[in-house]
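Enquirer: Required output: the full structure, derived from the provided sequences and hints.
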Amino acid sequence: MTIGTEQGTSVALTWTRREPPHRPAQAQDPAARPAGDDALERLLALVARGDEQAFAELYQRVAAAVFGLVSKVVRNPAQSEEVTQEVFVELWRTAARFDPGRGTARSWIMTCAHRRAVDRVRSAERAARRDDLAGRRDQGRPYDEVAEQVETTLERERVRRSLDALTDLQREAVVLAYYGGHTHREIAELLGVPSGTVKTRLRDGLIRLRDHLGVDA
Amino acid sequence: MSADLHTLTGAYAAHALSDTERLAFERHLDACPACAQEVRELEATTARLGAAADSPPPPELWDRIRAEALVTRQLPPVVGRGERRRRAGRRGTAAGRRVPLLLAAAAALLVAVLSVTALNLGLLGRADRADRTADLVAAVLAAPDARRVAAQPGGTGQATVVVSRQRGRAVFVADGLPPAPADRTYELWVVNRSGPRPAGLVEVAGEGRVTRLLDGPVTGNEQVAMTVERQGGAARPTSEPVVVVDLKA
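Each protein sequence line maps, in turn, to chains X and W. By my numbering, the letter at position 80 of the first sequence is numbered 80, and the numbering carries on one by one without gaps. In short: position in the second sequence from 1, add 1000, done, that's my numbering.
Keep in mind the hints are simulated off the structure, nothing from the lab. A hint or two may mislead.
Said to hold, decoys possible - Covered stretches of chain W, as calculated for chain X (at least 3 residues, CB under 8 Å):
hint: 1; region: 1008 to 1022
hint: 2; region: 1049 to 1063
hint: 3; region: 1067 to 1076
Claimed, not checked - Some residues of chain X that are not near chain W, with every Cβ distance over 10 Å (derived):
hint: 4; residue: N76
hint: 5; residue: E155
hint: 6; residue: D168
hint: 7; residue: L191
hint: 8; residue: G192
hint: 9; residue: P194
These numbers were taken from a predicted model, which means no experiment stands behind them. Note that beta-carbon positions come from the ideal geometry of N, C-alpha and C, so glycine has one too.
Expert: See the structure below:
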């Protein structure tokens, strides 16, 4: 029995890259990419029909990635669990709205998780404006923490190497935005550069990571 | 499309825009396929960054998620989206376009039939079924429209039925129910205009406590009755009910 996923969007696109593609050999290895993305898409299609078994399997496959990312951004363990719960209930609720033409299932899930985590820290911050940026600066560089943790798996090693390949400003912008949950204005404040610079560093930093990791989308 | 908007793909994919900026950029994305493609790729990239931070959640989190998901209504798909995409992806005759749709519908139906058959044949493990029952009980008890209806006076023990029209199911709850006589068992019935149908046997736990999901659908217009029957239960009630709960009350 096959469950069709809607592939087949082929919007012809041309665009100019701001940097020449830089794809190291290891990034071309298909095994270098997390496996099972097709399976995730099939599972989502089943979840959209209310299949609880499929939902359980989906959870098995992505819970650690979602919880890890949410914890990284939110920090507080109890709140991280709450946000993770919100994320999965949201996946359950909106599975039918997943559009394979607009990216992979994994990307959709992680984007949803990141969005929720960031919403949580921002609303907490709105509620407590007193926590000023200087205070957060003292928490240390998120990048150091990432660097500490990214030892165990190949994927972590690959991501770490790719982060190492960025310029300092690109790396700090990406890490503060993604793992830190900061807006580009906050990052500009933290790094003492104009916010326009942060926006472009975020873009070219992520583009370089994309090329380094050999990301398919 | 301004050059400035064009550079926001990275900040957007990393969720580093303010809400106002995000909404403005999303409007831009609808009109700019190049940016939309770049966002797709950068989101796939940030997904990799996210996965690199993985750490297993505490085991009990799944139970909470499952319980909440079961009482959460799922959004329907956007109707026509698949068809639009098929049209964009392939060029073909009207008939040619219709065939894959019919096939997809047939496949979906087959999947549905197979899943139901698998359930009925008991292919799912016993533990799974027990879990599922516990989940359904939780779902009925937690339903926003759950109603608790007490048994009519004069019956045995204290019995109530919790019914949710939305879930289409009901749960029989009793306290202080004496054990059934030797070689006998309690059996539940759902009684509607066409008569009683069996709704499951009742096992009495310590202190006569019972929480039993009634077999089969319930609309909320029936009566629920409990009788004493032979071990193994009966197809029709053979004695006067010891408990009657009128769901219409």
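Enquirer: Work down the list of hints and note, for each, if the structure agrees.
Expert: Hints and how they fare:
{"no.": "1", "hint": "1008 to 1022", "result": "holds (count 10)"}
{"no.": "2", "hint": "1049 to 1063", "result": "holds (count 12)"}
{"no.": "3", "hint": "1067 to 1076", "result": "holds (count 8)"}
{"no.": "4", "hint": "N76", "result": "holds, 14 Å"}
{"no.": "5", "hint": "E155", "result": "violated, 6 Å"}
{"no.": "6", "hint": "D168", "result": "holds, 16 Å"}
{"no.": "7", "hint": "L191", "result": "holds, 13 Å"}
{"no.": "8", "hint": "G192", "result": "holds, 17 Å"}
{"no.": "9", "hint": "P194", "result": "holds, 13 Å"}
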